[in-house]
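> Sequence:
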Amino acid sequence: MLRFKRKNFFKSINFKIALVFALLLLITLEIVGAIFVRQLESTNIRQFKSTVQIPTYVDNSLAEQLSSNNTTKANTQIKTILSNYNYANIDEIRVIDSKGTIRGTNDVNDQTIVGQKTTDRNVKNAIYNNRSYTKNTYDTQNNGRYYVSIVPLYTSSSTGNNSQLVGVLYVRANMKSVYSTINTIMGIFVAASLVAMVLGLGIAIIIARAITRPIEEMKQQTQRIARGDYAGQVRVYSDDELGQLARAINNLSIRVEESQESTEAERRRLDSVLSHMSDGVIATDRRGNITIINETASDFVDVVAEKAIGNSILDVLKIRDEYSLRDLIENQDELMLDFSSNEHDLILNAYFSLIQRESGFISGLVCVLHDVTEQQKIDNDRKQFVSNVSHELRTPLTSLRSYIEALSDGAWKDPEVAPGFLKVTQEETDRMIRMINELLSLSRMDSGTTRVDMELVNINEMFNYVLNRFDMILKKDDNPAKYYTIKREFTKRDLWVEIDTDKFTQVLDNIMNNAIKYSPDGGVVTCRLLETHNQVIISISDQGLGIPRADLTHVFDRFFRVDKARSRAQGGTGLGLAISKEVVQMLGGRIWVDSEEGKGSTFYISLPYEPYEEEDLWDDDSQG
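First residue of the sequence shown? That's 0 in numbering that gives the first Met the number 0, and the numbers climb one at a time after it.
I should point out that these hints are in silico values taken from the structure, not numbers from a laboratory.
Any given hint could turn out to be false.
[Claimed, not checked] With a Cα cut of at most 27 Å, we get these calculated DSS-like pairs of lysine-lysine:
1) Lys-123 / Lys-98
2) Lys-116 / Lys-134
3) Lys-422 / Lys-475
4) Lys-598 / Lys-486
[Stated by the list, open to error] Label-pair ranges, simulated between beta-carbon atoms:
5) Leu-200 / Ala-247: 31 to 37 Å
6) Glu-497 / Gly-409: 57 to 63 Å
7) Ile-30 / Thr-262: 56 to 62 Å
8) Ser-258 / Leu-200: 40 to 46 Å
9) Gln-259 / Gly-587: 47 to 53 Å
10) Gln-259 / Glu-357: 22 to 28 Å
11) Leu-200 / Leu-269: 55 to 61 Å
12) Lys-598 / Arg-487: 19 to 25 Å
13) His-343 / Ala-247: 55 to 61 Å
14) Asp-284 / Lys-218: 33 to 39 Å
Glycine included, every Cβ here is placed at the ideal spot set by N, Cα and C.
All chains should be built: construct the whole structure from the sequences, respecting the hints.
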């Protein structure tokens with residue numbers, strides 16, 4: 000952890016600011032030190048040169064001896080003059096005449112060179128050019144720095160004021176004292192620089208931390224904002240640019256939080272709207288790939304939303320063979336899509352619209368899927384109903400017209416024919432009146448205007464009453480068209496059910512009439528009444544020809560008849576079971592049929608039931 004923090008410190012702005020400050024301080028000190036040392040060196044060398052310069056009177060004395068004709072005496076005098084002149088910094092002084100011969104030296108250990116020709120090229124050049132020569136040299140053998148000065152020596156001419164070169168004076172001085180002082184000063188300067196660097200670096204770190212503390216807090220706040228945490232605030236330390244930036248970040252945090260809350264609320268509202276819409280909604284990108292699909296749309300197309308996202312809308316809607324994406328973009332007409340299967344019918348209307356920016360750039364499509372299955376079914380039923388009504392009314396009207404025309408042509412005068420024609424006319428008229436009444440009843444049920452008078456009824460007694468009425472009709476008819484037997488299988492317990500007595504009696508009458516109508520002569524109609532924990536089940540079974548399996552789902556359709564010729568001959572309208580279904584559904588129940596060809600049919604009616612004790616019923620009545 001310490002290593003990690005150290006690594007982060009070297010990458011931080013604190014370190015960078017401190018490093019920059021330290022480098023600036025180092026460069027400044029280096030520049031100042033270099034200039035100072037250079038200037039110090041120049042000054043010390045200049046002073047050193049002035050100190051090691053041979054006085055003029057010594058130069059004149061040596062020039063006088065060089066101009067003497069007595070060489071031996073002159074050399075002795077030169078040696079005396081040089082021995083009397085002593086400077087601590089001068090290592091060697093040589094006197095060379097104009098011919099290049101060494102005439103004297105102050106080095107007592109090197110007197111053998113006196114009288115020898117000099118080999119120093121600089122000395123020869125000074126003699127030849129009649130010019131002074133100075134040079135700073137470095138001796139690699141003893142690592143010493145030396146100052147070499149070669150000065151011409153002149154003597155006055157006897158004939159005039161012109162000077163004559165008689166030789167040169169070679170002086171070599173050790174500069175150790177000069178550079179020793181410079182090195183000492185440089186050591187002090189370096190030490191002071193290091194101390195200043197350390198102090199400056201510490202001060203730079205402190206200042207950098209003071210500067211970067213608000214920046215660090217702003218960084219942490221922006222990281223919290225990126226994570227979705229808008230609770231914190233950046234502390235404002237000053238009114239400078241950093242303080243203004245801190246206030247801007249605080250305001251930004253508030254604005255982002257408000258914007259995020261607004262966006263989240265809009266998203267939740269949109270998700271709620273999309274999820275609760277009865278229509279399916281699909282949104283795509285500009286390439287037609289699905290980006291949004293609500294639950295209704297995924298149910299329509301039978302695709303999981305997660306799997307649909309990213310796929311082409313053409314594949315999901317299964318229209319790739321008929322349409323392209325360009326077709327949908329250029330022509331936003333509604334499409335009729337059939338997603339029907341063996342289990343259920345499903346017909347959808349697809350409405351397309353473009354997602355466009357203000358610039359006109361198309362960024363996607365929106366498809367709204369509307370379920371029109373029921374509407375299509377209603378339209379088909381309406382068309383079928385109109386067709387059936389027209390057909391059912393036209394048949395008796397045609398029959399009436401034929402018989403009336405026959406009567407008008409003179410058949411009414413025939414006492415044997417006229418009564419039969421009139422009877423048929425009356426029966427067809429009665430059938431049309433029944434049909435119209437039943438149509439009116441269905442119409443009231445469809446519009447919801449039918450009044451339902453609910454009452455608590457003993458279903459056992461009511462069912463027995465209806466069956467007793469059919470038994471009585473059979474007994475009173477001297478010559479019935481068909482004999483039958485009603486078999487009863489009832490639960491012994493009294494069942495109290497809340498129903499509309501009149502309407503439910505009509506339902507039982509319709510089913511019993513059909514059972515008797517389609518039963519063979521001498522057949523048995525079995526009527527059962529039983530209970531479950533929350534339902535009463537009524538069943539009526541006959542021994543007729545049964546209903547084909549393909550027709551079972553259409554038994555309760557309007558104007559549907561299994562045997563149309565036989566039903567019409569017996570005065571049926573094809574609306575009885577349709578009315579029965581509507582009534583049972585109004586009572587909160589369910590009606591269905593089970594049949595097998597050649598073995599008969601069984602109609603079932605289930606009604607909601609709550610068990611009551613007879614004592615409780617009487618108690619409720621007494622309390623009321």
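> Can you give the numbers of the hints that this structure goes against, from lowest to highest?
none
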